[in-house]
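Undergrad: Chains as they are written, first to last, in the working numbering: chain A, 1 to 136; chain B, 1 to 390.
Hints may be right or wrong, so weigh each one.
With the C-beta cut set under 10 Å, the calculated list includes, among others, these residues of chain B facing chain A [unchecked claim]:
#: 1; residue: M64
#: 2; residue: K82
#: 3; residue: P84
#: 4; residue: S96
#: 5; residue: Y100
#: 6; residue: D162
#: 7; residue: S182
#: 8; residue: E186
#: 9; residue: E188
#: 10; residue: N252
#: 11; residue: G358
#: 12; residue: E370
#: 13; residue: M374
DEER-style ranges, computed between Cβ atoms [to be verified]:
#: 14; chain 1: A; residue 1: K104; chain 2: B; residue 2: D68; range: 47 to 53 Å
#: 15; chain 1: A; residue 1: H13; chain 2: B; residue 2: L46; range: 35 to 41 Å
#: 16; chain 1: B; residue 1: V83; chain 2: A; residue 2: T51; range: 23 to 29 Å
Just so you know, the hints here were simulated from the structure itself, not pulled from any lab data. Glycine is no exception: its CB is placed at the ideal position from the N, C-alpha and C atoms.
The lines below spell out each chain.
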Amino acid sequence: MKDFTVRLDREGHAAVVVIAGRLDGNTSGTFSRFLVEHLAEDDVAIVLDVTGLEFISSAGLREFMALLKRLDKKKARPAIFGVGTTVGLALEIVGFDVLFHRAKDRASAISAVSRSATSTPGLIGRLFERRKPAES
Amino acid sequence: MIVPSAYTESYARARAFDAANADLYMRHVHLGDPAADDVVRTLHALGSARRGAILQAGIEGGPMAIPDAPENVREFFASMDKVPDWYDHDFAQLGSRAFYRNSNIFLGAFVAGVLTDGFSTLISKSFGITGMLIDKGARRLQQNNRHVAEIFLPGGLARQSDGWKLSVRIRMIHAQMRFLLSKAEEWEYDAWGSPLSAAHIAFGAATFSAVLLKYARTLGAKVTDDESAAFMMIWRYSASLMGIVPEMLFENEKHALEINAIGSRCEPPPSIESCQLVHALINGGAILAGMETPADRRKMTKLIYRISRALVGDELADQLRFPPAVTFHVIPLWRITNRSQELLSKYLPALMPKGHKGQFEMMLSVSLYEDEGMKYRVPETHHNEKDPPR
């Protein structure tokens, strides 16, 4: 079992949040404080690198929800990559998988958040928008 | 077998229905949780600070994390590290999917039905004396919801996961309350048997699982046979971590319903404490549902009473002094509403923008989260109002 770690990499306009270990009742507070301290108000191109994330509890999903809501207000959608089996299943089961751009690697995740800042689906597209399979 | 006086009449009637299971239930009315009770007695002698530190480290890290703790305490935590051979992490996914696909219905069934059934027994004496559920009823509901939210997430019952830890936390709180009540003047052993008895905890687990499933289906949840089996398996593992003695631990849904049925028959009619508890929890449910004004809360409370009456039946509802209500239309209306939302969510997701995410958001909003991490402090006194917040 790895210790929980979180760090931020900046790549151009994108902020890549690299999370590893277990995001649960003991670590979600640390994660929350980290985001508050390291993300700027105008950060909208956000990528979550969860390659090293072993487990996410409802406390961790609550932090993801807070991030999603914050970005939704700015009409932005974060990207996520490196999703493992347990974390992927949790995201799918609670309906979060469609709220992220699922990408296969860091480059495509950054590309997706850059694109999404400039385009949103039209009414018809949104009406029939269904779950899209992950690229990875 | 010595039968506590409060049970004399109901036990006789239950024996006429099913003598073997009535006897099994009654044998456990005098019993607590021998392993956890032994740990609590040992820890009590060490004082509050050391007790808290050992429980915190033991639940978080197991016996290796408490090398200086008394041997029986280390053995207790070591025994819980073993995953039962009937628990299948992969199969559990089906239960997780069913729960989160229908979590709003499960929440409704829980608040309106299961709490009413679960606290209509003499377990209400334990909670009534401590005030644990009446004071801060909404907070207790939030703690309960958090436990359920965690055990149904993938991997939630793995050793290091929050669902595992919260299940064991419940066990230790029950054991501590049992210890404190055993010394309390208010507790009447001859009349009631053991506080938080093995029978009551087993009845509670059976009700919170199989009866929850039954009521959720009644309210329109679609759950396949395999999903039901997985749902019950998750609850069974959590219940075993909560200390249900093996003889009373349900094996499957049918068995859990049998335990619930015999328990309902063995238990005396609801006491005044049951009425108080159930009304407090229903009112807590309205607060948790986000009703801010008194008028909205009254409206929501009225709705919960009506659904509850429809689920548990007029006899129990009248015994618990629920307000009178006509209920023949309540369940069909709820089923139609829930099915329509499910179909919309499936075929026109944009018209139901919240969908699964919205259900999960609701689950988060009615669950308890604390910034300082997971804490496993147990009560210091048997009167909740004298105890610092947990």
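Undergrad: Any hints this thing doesn't respect? Which numbers, in order?
TA: 1, 2, 3, 7, 8, 9, 10, 15
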